[in-house]
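Chains as they are written, first to last, in numbering that gives the first Met the number 0: chain A, 0 to 232; chain B, 0 to 117; chain C, 0 to 1041.
Keep in mind the hints are simulated off the structure, nothing from the lab.
Predicted, not measured: the structure shown is a model, and the values here were computed from it.
Incorrect hints may appear among the rest.
[Claimed, not checked] To spell it out: a stretch of chain B is covered by chain C in this simulated footprint if at least three of its residues, at any positions, have a beta carbon under 8 angstroms from a beta carbon of chain C; those stretches are:
no., region
1, 0–7
2, 40–52
3, 55–68
4, 72–79
5, 83–92
6, 95–107
Built from N, CA and C at the ideal position, the CB exists for glycine as well.
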Amino acid sequence: MIRNFFIILIIAGLAGVFVSLFWEFGASDTLTPLATHYANNGAAEVGAPNLVTSIVVTYRGLDTLGEVTILFLVAAIISFFLKVEKKGQKMAPPRVSSEIILTASKLLVPVVLVLGIYVFVNGHLTPGGGFQGGAIIATAFVLLLMANPRFELNHRIIAAVESVSGMAFVLVGVLGILLAGGFLDNKILPLGHFGKLFSAGAIPIIYSLVGLKVGSELSNILSNFQDVQKDEL
Amino acid sequence: METIALITSFVLILIGLYGILSQKNILKMIVGFSLFDTGLHVLIVTVGYIRGGTAPILDQVTGTSNVSDKIVDPIPQALVLTAIVIGLGVTALMLAYALKMYQEKQSLDIRDFKELKW
Amino acid sequence: MDFISPINVVAVSLGAAFFMGLLGKKAQTVSYILLLGALLFNTIVSGQWLYGLATNIIDAQQVYTAGFRPPFSINLLMGLDEAVITTLVNIVGLLGAIYMASGLHKKGSGSQVVYLVLIMSLNVIVLSRDLFNIFVFLEVGSIATAGLIIMQKGINAVSAGFKYMLATGIIASIMLIGVIFIYRFTGTLNLDFVMQSHPVLKQGALISSFLILMAILLELKPFPANGWALDVYESAHPGISAMLSSAVATANLFVLYKFTGMAGESLMYYISLIGLVTFVGSNLLGINQTNARRMLGYSSIGQIGLLVAIIGLVPHSNANFKLIFIGILTGHYFAKAGLFWIAGIVKAQNIKEWSVLRNRPVLLFLFLTFVLALTGFPPFPSFWGKWQLVMGLSQQGQIAAVIAILVGSFFEVVYLLRWAGYSIKLEPGKLPEVKLSQFIPVILFGLGIYATGYFVSQATNFGDTINYIPLVVVAILLVVDFLPAYIKNSLSILATGWFAYLLIPGQDTLKLVFTVIFLVGGILTLIPGFHVKGKRAGFYPSAMLMFGGLALLIEAENMLQFFFAWEIMTLGSYFLIIRGKESMVHAFSYMLFSVGGAYLILLGFGMVSVGNTGLSLNLLSQIKFYPVLAMALLAVGFMTKTASLGLHIWLPGAHGEAESDVSPMVSAILLKAGVFGLVLLMLAAGGEYNNYQGLFYTLGWIGALTALVGNLGAVFQEDAKRLLAYSSIGQLGYILFAFSIMSQLGWLTGFTYTINHFMFKAILFLSVGGIVMRLGTHNMYEMGGLIKKMPFSFIAVLIGIITLAGIPPLSGFSGKWLFYNAVIMKGWYFQGAIIFFAGTIAFLYCFKLIYSIFLGQLKDNHRNVKELPFWYLLPQYILILGIMVFSAKPDLILKPLGTALAAAFPSNPLIWEGTKALSQLGYWDATTIMIVIGTMFVILLIWLMLMSRKAQNVKQFNIVYAGERPERPELTHVSHNIYAGYNKALGFLVAPGITGFWNYATNLVESIGNFTRRIYSGNGQSYAIHLVSYIVVVFIIYISSI
């Protein structure tokens, strides 16, 4: 009781911090100079209509590399953390999924995969990108799992996709140092026609790599959780 | 508009934090974290809001000149993407921890994990 | 030279990490080699920049990414600071990977990836200039850490890891809120642009930067919101704990340093406060720990707190800031990594089991190296850091901060040195097998800490005035420690002789007295070492550390040299004292008093330097800042070594339990180091006409009371060596009293006592110590009748006690004669009376000593005892010769001393007419007295011998117990409890009131610590609550101040 009261007290204290920030905060009508620069020169400098993408992939590319690294790390940690020695334990009989899910998954998985690819390939043009696309791809895998709890992903292939796309990302980054203005510079390829699929330099490539990587990493994480739970059944 | 969003985000953050600090079940604490994160993400997007601005994607609406007068700030939107992914990673790892802790002790009560102290 | 861009650290590490993900289970070795390769590459990159920037081959360089300039894109900065920090991070990363070879192999490439990414992320947070980027890579780092924690199997690591995730999750969110609002209020995320926009001027930006700084501070584990970190230190793989404590903390500290530019001055004040509270609090709680790794965790948090405090306290513009920071940082970095690594080798958790290290002397040596480095002893980098820090803060007038730092350091010394004592003294168990891959990193870090220490010392103001030759001698002796004792003994005597040869010619008269005591005394007390068979491992390095320190003390011209010498000497004597069989506890208490004293001296020196330039010891005569207090601090500091009343309780045990030839070293010689300090101090105070009359009056009283209590204590001892030890306390009380008189006669008295005590106490301890060694007991009631077995020792002891008791014709009487003159002329009658009374008591214990050992009945089991070995008798008889000369011709020494003292003490000098000394009260001719008494002695002797021809020899058991039946064996010895009557009358004076006081103080500290550490309940959620409350509380305090 006292504990709860105390918790509420400190939450209130933190609310005080927020209130003081709230008073200072006024919505603005103009962009910050930094954002103005991106808005007005982004198209010319990076060549991607989606300004968020040009910031994520190019201007702040190093953050994105860190982001990808985090997912990669989590996947790696979970795989060695939850690793279970399979000693032919008795497995409970699989839960049988309903006909609807089975049919729907067969129907939807290819569509979802295509949608995911579409989203990351077009990341520089329309809302979306590698992370979003990757997440969509992973949902296809979730669907498969729901339909068939025994479903096993080929870990080798997943790991290969994950690693190769990661290395390729780094390689593109290094090419930026060698061929253009710095690490992760997208101008190693011509900027091309503004608004076209093959434009904005290396952005589509990077975002595709990110999409593949994120998709495979999320699937990997899910499959590791699934592996553990199989033994629990 | 931004006031509502801002208040919403703060309230979400505080509710999430209350969950983290008061729930005894580890899974519920993780849910608290998710709420906390969501509040943060709303906050970040709110910070980038410009009155009357549109999405920061150059299309027919914005044209390609004087874009800065028409769009909302793209930077927080880029940041929120990163923040979401980080939050996802942290949540996944926490869940893995929860799983392992449950396997070790058949309990998800945070008070049962006090071997180390003082 | 081509410099590899630091961005390649990211590229290569991540490239390698992604590639390692591709390798399956069969390619563990390939992936491990890849890991080492990448880490080596990182080390080379940062090392190359460090070299280039330090030698000015290249300027600091910005690395731009994405082909745009900041603030549009993220940039990295490689400057000298960054190069130093990343090099430190990468080196421990590489060596840590070697150390954890088997663990990383077992867990597979996944763990190796995580490890590599952790090191990479640390590099980025150090180099990056972008706030959000730093946030991202901090998160990368904490996730990697959370992954590495669970490399260790078991529920402990898992639940510690979860607590860690809870805490870092909250911290990261707080930071993110700060970052996003900083963007809102300053319009940029680039650190340099944020600073240019003066966030301090805007309230909102101020709160945002407060949140960011708070987050990074919380990452640095401020007390008490740090329970989560302690669990991690305790339960993670020791290699990981080492990494967290050295690499991660180093990088995070640097981030804090980078961020402070955003904070206003007022926030700096709070940062320093947070750091100091952490330093003191964490070390206080460390005292109650018995688990080695958890204790190291407390120590880590404490040290990090100190570094945080330095960032907040010392203005970054201060020329010495970086040196202070690097000194203390590297001390912590090397030592903590080394200790955690050793913890992994030892495996035992309880600190009492660490004596297993004795199976591997090299490991024990490294362990002690790290422990001493943490406690800030020379020649380690932290010593220089702490010295500069205390001096710098004092000059800023931050005395309160200095006191906090010294108190915290003292707590740390308590638990670290207790641990060291256990490892040296307790019975060793079996050491687990030591893998080479674990051993190499520890050795390299051991070497690293010495090298860094030297480097830092050379960069310190006046650090280049330090003479390292004595330490080189110690190092040589350490290397040849496998040789038999007699070779090392000869080497040590040669070295001491060499020091003496360098120091004695042309030495100032007053210092000459001490030089002779320290170094000639050193040679004499080393001689008995020839009796020892075998190797006597570790003895000679310790002895030479002490004698080297003493030599340096003489040589010291500035305060730094003096303090350096003081610490070296303390260290050496600690290792000597702890060698005794039962000495663990006593050496520990000796060390606590010594360190406490040293800190008072340091504080005193700090106060002396206020308002003065330079560090010369001459500044002691022109103290500007609270001169009386500074003087008093210094005096009390020195009095811990002279064991004055209140500070004396360590002495009986330390001297009594020490090895037979160590007792004379520490008693006859070492105590004089404190006297030397007092002499310097009192001279600097202005001699006769000083402004500190009140202080010296007090010291006089302390001296008198010390004399009384020490002598009384000696009377009631049954242990021969403790009797001598108590007598030392008393004698040093006389000395303190005599010098405090502050007149020429007083000082001549002081010197006479000093010289006498040196000679007779060396004789007595050598002979009594030798007898104890021969008989195997300290108890006098188990001795007796040894006069016929050991006639030479008997004569030596006889001469010794005659001198001690001040009986004519020996030089003790000269002291007494001078003493009464001085007291009467000064008019200190009360104190003089106490001393007189104490002198009478001295007769009692002198009689008891010689009677119980040599006279009376010979014990059955002593029938085959032999005379003391030649090597024990030789120095005694040399000293007896010295006493004879000094007794017959005191003018040889006192006359030049008088001349030398005349400058400081001009009035009422002692006038010499040949061998006759004239004071205003009378005269005394030592030579004549010697002749007269000598003649009387010879006549009486002859007469007695003639008389005793008729005497009848009584058989040993021809005795009657006068109707009493002895119930216990000791009661058969007549001198057992011989002074029971006096005990009834005066015993209350020696009741252990002072020991009680110190025990009370100790218990108080321990129970405060014990109470406070209950907040670490083990509940991860409570730790999260602590974190949030910490933020709220600091925020409220902070916001109400602006």
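We went through each hint and held it up to the structure:
Residue count for the region 0–7 of chain B with a Cβ under 8 angstroms from a Cβ of chain C: 0. That is fewer than the three needed, and the coverage hint is violated. Coverage of the region 40–52 of chain B by chain C holds in this model, with 3 residues showing a Cβ closer than 8 angstroms to a Cβ of that chain against a need of three. Requiring three or more residues with a Cβ within less than 8 angstroms of a Cβ of chain C, the coverage given for the region 55–68 of chain B is violated, as only 0 such residues are present. Counting residues of the region 72–79 of chain B whose beta-carbon sits less than 8 angstroms from any beta-carbon of chain C gives 3, enough to reach three: the coverage restraint holds.
Counting residues of the region 83–92 of chain B whose beta-carbon sits less than 8 angstroms from any beta-carbon of chain C gives 4, enough to reach three: the coverage restraint holds. Residues of the region 95–107 of chain B with a Cβ under 8 angstroms from some Cβ of chain C number 6, which satisfies the need for three, so the listed coverage holds.
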